[in-house]
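Colleague: Could you build the full structure based on these sequences and the hints that come with them?
Heads up, the sequence shown is in UniProt numbering, so the first residue is 1 and it goes up one at a time.
It cannot be assumed that every hint is accurate.
[To be verified] With a straight-line Cα cutoff of 30 Å, these simulated DSSO-like cross-link-like pairs (lysine-lysine) come out:
| no. | residue 1 | residue 2 |
| --- | --- | --- |
| 1 | Lys490 | Lys385 |
| 2 | Lys553 | Lys74 |
| 3 | Lys135 | Lys248 |
| 4 | Lys310 | Lys299 |
| 5 | Lys468 | Lys248 |
Hints in this document: simulated from the structure, not taken from any laboratory.
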Amino acid sequence: MTNTIEDVSEQTFDYVIVGGGTAGLTLAARLVEDPNIKVVVIEAGSDHLGDPAIETPAQFGAILMHPKYAWHFKTTPQPHLNGREVPWPRGKMLGGSSGVNFHVWNKPPAGDIGDWEKLGNPGWNWERFQKYAKKIEGFTPPTTEAQEMYRQNTNLSSHGVDGLIKTSFPKWVFTGEGTVQDAIKAQGIPIAKDPYGGDPIGTFMMAGNIDARTQTRSYAATSYYLPNKDKKNLTVICNSVVERLLFKNITPGEDLEASGVEFVCAGTKRNVYASKEVILSAGALKTPQILELSGIGDKHVLTPLGIDTKVDLPGVGSNVQEHLHSDLVFELDPRKEYETLDKLHDKSFATEQIKLHAEGKGMFTMGLTGFSFAPFKLFTATPSKAEELISALRSKINSKASAGGLPPGLKEQWMLQIERMEGGRSGECELLTVPRRPGGVPTEPGKSYLAICACSNSPFSRGTIHIKSNDPTVHPSMDPHYFEEEFDLKQLVEVVKFIMRLSHTEPLKSMIAEQIVPAPNLSSDEDLQTFVKDSVLTTWHTSSSASMLPRDKNGVVDAQLRVYGTKNVRIADLSIVPLHISAHTQSTAYVIGEAAADIILGKL
1 MTNTIEDVSE QTFDYVIVGG GTAGLTLAAR LVEDPNIKVV VIEAGSDHLG
51 DPAIETPAQF GAILMHPKYA WHFKTTPQPH LNGREVPWPR GKMLGGSSGV
101 NFHVWNKPPA GDIGDWEKLG NPGWNWERFQ KYAKKIEGFT PPTTEAQEMY
151 RQNTNLSSHG VDGLIKTSFP KWVFTGEGTV QDAIKAQGIP IAKDPYGGDP
201 IGTFMMAGNI DARTQTRSYA ATSYYLPNKD KKNLTVICNS VVERLLFKNI
251 TPGEDLEASG VEFVCAGTKR NVYASKEVIL SAGALKTPQI LELSGIGDKH
301 VLTPLGIDTK VDLPGVGSNV QEHLHSDLVF ELDPRKEYET LDKLHDKSFA
351 TEQIKLHAEG KGMFTMGLTG FSFAPFKLFT ATPSKAEELI SALRSKINSK
401 ASAGGLPPGL KEQWMLQIER MEGGRSGECE LLTVPRRPGG VPTEPGKSYL
451 AICACSNSPF SRGTIHIKSN DPTVHPSMDP HYFEEEFDLK QLVEVVKFIM
501 RLSHTEPLKS MIAEQIVPAP NLSSDEDLQT FVKDSVLTTW HTSSSASMLP
551 RDKNGVVDAQ LRVYGTKNVR IADLSIVPLH ISAHTQSTAY VIGEAAADII
601 LGKL
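Modeller: This is how it looks when you write it as structure tokens:
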């Protein structure tokens, strides 16, 4: 269904887009609305269009570690995780990680996006974000009966209804979801006022990118590529890995002008050319690698590898930020009937559910629904505990800054993060309920489990992603520096302790038979720190490896998404995020793609 190598090799297009993922396909679809603009998208993965493993909602997570569907990246050994290497899989397909994610459709707090503008990016504010988010979304409102089941009124003015990404509330919902929510409210976290209007603080039931008509995943490949696949001005090629940018004659003292890219398809190096611009949409893990292999990056990284530094840009591959989570697992009371996804381990039951899904019914229509986002101070046993930890953090930051030991611009980011916590305007801590035992662990017949994930959405640790070889086939070194800032560990432990208190709060207490993970005898801060270090995982939301910041503050792109030191290279993916958001990142990646298109077309 996609194009062939002959359609691309040695050809010239107006725009070359590197990466056919969430933002890349969005950008391409908007550019080719003008029939006079020729675009090529070069994607490293396969198309996988029409694959039920991708399109069936309750399959979320099932293919994330499958080599057919995901790139198996992993971090460097983490010294603060006792040397663990953490898997960092990403979607290996047309549509990128929008084809393997957990269907979570949410938006950040308005203030989180406003912080981007405060960091030196005029126009990158909540109003812009919401304009594009509503343009993207095609929301199917719940029925009155469904609204009662989801225990919330839907503010339709905060949703888009005509967009290409179809969103809805899933038909099948874990029967204990309301019980969990009641316990969360009893612990002091309120119902969120307007989760899709910039105020997601509180507990609520989440919509997902599930098409209500077909009960299938709505993602970049189905929504942005398929409607445009027959346009003569759009060319998409898969299974092709871009290795580096090509440049026109380089004149010392002048900005670089890209002429195209070099890529490999079926083992052979090829070139494709751009008459206007090259846009990198390879994702936060691969975009910095392509820049560095092209000679754009920190000279101290490039020179030892024999790469000529064309633009000395130290921000490339720095300021990396990531969300984290640890799972607590509870066995549910067997005397009560709770249908969880554990039942799908029964092959006959799973076969029955597959048949029901063909009719738009049953367990396979499920997406994740139970979420809570709240400021740190609502998760500690007393407000003074949070205040104590935040105060110590502030003192440590001021001390580091006075000693001159911080990268340019980092103190400004950290102060905004502290402002979020102290002002209670962001959801830097998150709870997520998953009605099954995680990790693919088979369960005994008749047993049901509930996982409650403790999530950290605003870590202070900053990582790096840098090449370790001038060989493009060698993955870069991905070092998130997990828990390098000790506050991140202490904060996540407090969220774990909150969940343990939650499990003893009615009505949830009566639903639980016993705590399985961590072992019930672990209760001290020291024990729980060890548990978190041994269990913490990525939430697959890596960002900021090519941050949109002023150049003197380790920025890589300006507010027009143009790479510093170049005339016609832009970036459109999550690597441009200057300061991470307290939300899952899917909608943000689409917004970046939409905004990039308007910037390129001169509409912004």
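Colleague: Take the hints in turn and mark each one as holding or not.
Modeller: Verification of the supplied hints:
The straight-line distance between the Cα atoms of Lys490 and Lys385 is roughly 11 Å, inside the 30 Å bound, and the hint therefore holds. At roughly 28 Å between alpha-carbon atoms, Lys553 and Lys74 fall within 30 Å of each other, so this suggested pair holds. Distance hint between Lys135 and Lys248 is unfulfilled; the C-alpha atoms sit about 37 Å from each other, more than 30 Å. For the proposed pair Lys310 and Lys299, the alpha carbon gap of about 9 Å is at most 30 Å, so the pair holds.
Simply put, Lys468 and Lys248 have alpha-carbon atoms about 26 Å apart, close enough for the 30 Å limit, and the pair holds.
Consistency note: the structure conflicts with earlier hint 3 alone.
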